[in-house]
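Student: The chain contents come next:
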Amino acid sequence: MRTLKFLLQKEFRQIFRDPAILRLIFIMPVIQLIVLPLAADYEMKNINLAVTDHDHSAYSRELVNKIKASGYFKLVTYNEAYKQSLTAIENDQADLILEIPVHFEKDLVKEDAAKVFVSINAINGTKAGLGGAYLQTILRDYNQAVREKWIQFPRIKLLPTIDITYANWFNPHMNYKYFMVPGILVLLLTMIGANLTAINIVREKEIGTIEQINVTPIRKHHFILGKLIPFWILGLVILTLGFGVARIVYGIIPAGSFVTIYVFAAVYLLAVLGLGLLVSTYAATQQQAMLVSFFIMMIFILMGGLYTSIDSMPEWAKWITRFNPVSYFIDVMRMVVLKGSGLTDISRQLGIIALFAVVLNTWAILSYRKRS
Amino acid sequence: MEKIQVNGIVKTYGSKQKKLTALDHVSFTVKEGELFGLIGPDGAGKTSLFRILTTLLLADSGTATVNGMDVVKEYKAIRKQVGYMPGRFSLYPDLTVKENLAFFATIFQTDVNENYSLIKDIYEQIAPFENRRADKLSGGMKQKLALSCALIHKPTVLFLDEPTTGVDAVSRKEFWEMLKGLKQQGITILVSTPYMDEAALCDRVALIQDGHIMQVNTPADVINGFGKKILAVKSSDMLSLLQLVKQMPGVLDAYPFGEYHHLVLADEQVKLDFPGEVTVKETAPDIEDCFMLLMKNHAA
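Read top to bottom, the protein sequences are chains A and B.
Quick note, our numbering runs 371 ahead of the 1-based positions in the first sequence.
Quick note, our numbering runs 208 ahead of the 1-based positions in the second sequence.
Derived from the structure by calculation, the hints contain no laboratory data.
Hints are supplied without guarantee of correctness; some may be wrong.
To be verified - The calculated label-pair distances, taken between Cβ atoms and stated as ranges, are:
#1 A:658 - B:341: 17 to 27 Å
#2 B:373 - A:387: 32 to 42 Å
#3 B:373 - A:389: 22 to 32 Å
#4 A:373 - B:215: 53 to 63 Å
#5 B:373 - A:734: 36 to 46 Å
#6 A:662 - B:341: 25 to 35 Å
#7 B:215 - A:656: 32 to 42 Å
#8 B:335 - A:662: 42 to 52 Å
#9 B:341 - A:590: 25 to 35 Å
#10 A:729 - B:270: 37 to 47 Å
#11 A:373 - B:270: 35 to 45 Å
As the list claims (entries may be wrong) - Computed cross-link-like contacts, SDA-like style, restricted to lysine to any residue with a CA-CA straight-line distance of at most 20 Å:
#12 A:576 - B:295
#13 B:504 - B:402
#14 B:437 - B:402
#15 B:288 - A:518
#16 B:284 - A:374
#17 A:439 - A:464
#18 B:306 - A:384
#19 A:576 - B:298
#20 B:454 - B:484
#21 A:437 - A:507
#22 B:306 - A:472
#23 B:306 - A:383
#24 B:350 - A:582
#25 A:689 - A:669
#26 A:548 - A:409
#27 B:284 - A:384
#28 B:284 - A:737
#29 B:504 - B:453
#30 B:281 - A:737
#31 B:288 - A:373
#32 A:481 - A:518
#33 A:481 - A:498
#34 A:416 - A:498
#35 B:284 - A:518
#36 B:350 - A:577
#37 A:454 - A:472
#38 B:344 - A:591
#39 B:306 - B:323
#40 B:306 - A:669
In this text, all values refer to a predicted model and were calculated from it rather than measured experimentally.
Positions of the beta carbon are idealized from the N, C-alpha and C atoms, including for glycine.
Turn these sequences into a full structure, and let the hints steer you where they fit.
Tutor: Now the structure itself:
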């Protein structure tokens, strides 16, 4: 016990003596939490639209006005030649082209049907998909409005319509920050936890102190606990700091209890730190450790369900996400913060993460050798 | 009683195609209370041997015991009883002198005061800098701190891997004085060094080269066993002189030695004629001459 106490004391001294690490641990996450959610905005605005209007009628103008009024589109060019619009797309000035053919109004009134042509710049997939969907909704709306106007006796509604109303449960205003901020907090916790432990032990290898430690009768698990506990505590401090930022800057107060989140985070951090330890036992230099954890982090982040929904991934990718601890924590964070889930609701995720923690740490302890 | 016993230790590095033999059937013994020197150039295998004896590295074959305990089977017990000072400074650079010492005392399950008398003479010299970070110490002070940390648990056997490499002449002298003091306290010391002049300060030395032990003897007997006459020569053009004397009949070997060249003669009767102004004097061999001769014989 006394040995462990001294190990911890030494570890904390080293951490607090390194101003760069301190800054990294405390200031960087706060800045990231303030900046990233503002930038990682899922709502598409400012979609650049080029309109080629061959008709120049009242109806076509009304359609264009309606699109402009939606607030999602910015009209960059309004012309009579499709070629001009295409040039705008080629120069990356426009994302969408709406081509209104000649006799649009005539066809609409006389034939009761008219066609428009939408052409989408698919270089930015998200923007193209969302822009196309927005435009379609507006066109449908326009269609309906036109038809309603033609009904002679408004009292007898000839047009059967299904009106859809939404209820957004748990996040009524669809505020994306409510799920982005806790998600980013999870990523920060994972990155800092795994990287710090990995680099810390490899650093002892690099400066040769591990050699000196290895000839001592120190117990393996003491040494590893001495490394785990400080970063475990730091991780919880960062989590607290993150929730502080979420509350002050974004006004996010978890619907569920903090106890649930901290219980999960405590187990989760053990898993993440275990991963860092594992990396450090195999890496000989800080460079190696950094690169390996960088690659792992990349997969964890992109397949963690924060930026892309896991449900829409192919089956094989879903299997990979099952081995990604980040996906479980993001899940839990959203459940607790938005839905107010309690410990019983997250028991499945908690169990899996506990299993991660046991496997990773056992592996790390077994592969840490005091002699070669 | 033998404190360290090494029997036919072999250690190779690298793959099957490119095998590098670091230690080739190395055997020697170190008696209790002895100051034993492992003398050899860089790459001779000194550090590998130290790492095997301090249970950090496993040998390919052969056995070794420290304090009568096997380095493979009883490594846990050995770690409690030996002190090791690696060749590279390997204490925590961001902890102070005092913190480093207290830390190593604790992981050896003791405290600084318990064995303070053992390190008192050494530690007092760095005590004024107690609160300075280890990376801000001078080379000599770092070495004293490392020695203090290696001694804090009162080891019975002390392993010092090139403790004087990169340390100035004054500190080196001081360091050997300290080792003598420790020897008097009954600690068995195995020290390695590439400096031949330090060999004379050991009780016994093992001369090692390319993983082979060439000789194990007292420094005096090593020199006595030399049995050849040595001439020291000097002139204004040392380079051409060396080339000249290397070709002379009766000269076994010639090599630069400080401001002179040393010439090893085949026998007492050899007479040499030197052209021009060459200072010639007869000189007594020292360990380095012995080493050079052993190396030459070994290579042949």
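Student: Does the alpha-carbon distance linking residue 288 (chain B) and residue 518 (chain A) stay inside the 20 Å limit?
Tutor: violated (92 Å)
Student: Does residue 281 (chain B) pair with residue 737 (chain A) here, judged by a C-alpha cut-off of 20 Å?
Tutor: At roughly 19 Å apart (the allowed maximum being 20 Å), residue 737 (chain A) and residue 281 (chain B) satisfy the hint.
Student: Cβ-Cβ distance between residue 341 (chain B) and residue 590 (chain A): within 25 to 35 Å?
Tutor: holds (28 Å)
Student: For the pair we were handed, residue 416 (chain A) and residue 498 (chain A), check the Cα-Cα distance against 20 Å.
Tutor: holds (9 Å)
Student: Within 20 Å, alpha carbon to alpha carbon, are residue 481 (chain A) and residue 518 (chain A)?
Tutor: With Cα atoms ~13 Å apart, residue 481 (chain A) and residue 518 (chain A) stay inside 20 Å; holds.
Student: CB of residue 373 (chain B) to CB of residue 389 (chain A), is that within 22 to 32 Å?
Tutor: Given about 29 Å between the Cβ atoms, the range holds.
Student: Residue 284 (chain B) and residue 374 (chain A): Cα distance at most 20 Å?
Tutor: With a Cα-Cα distance of about 17 Å, the restraint between residue 284 (chain B) and residue 374 (chain A) holds, given a limit of 20 Å.
Student: When you take the CB atoms of residue 215 (chain B) and residue 656 (chain A), is the distance between them in 32 to 42 Å?
Tutor: Taking Cβ atoms as reference, residue 215 (chain B) and residue 656 (chain A) lie about 36 Å apart, which means the hint holds.
Student: Is residue 306 (chain B) close enough to residue 383 (chain A), meaning Cα to Cα at most 20 Å?
Tutor: holds (16 Å)
Student: Hey, residue 548 (chain A) versus residue 409 (chain A), does the alpha-carbon distance stay inside 20 Å?
Tutor: holds (8 Å)
Student: Regarding the pair residue 350 (chain B) and residue 577 (chain A), is the alpha-carbon distance no greater than 20 Å?
Tutor: Roughly 18 Å between the alpha carbons, so the hint for residue 350 (chain B) and residue 577 (chain A) holds.
Student: Would the hint linking residue 437 (chain B) and residue 402 (chain B) be met if the CA-CA limit is 20 Å?
Tutor: violated (25 Å)
Violated hints, in rising order: 4, 14, 15, 22, 27, 33, 35, 38 and 40; the structure is consistent with all others.
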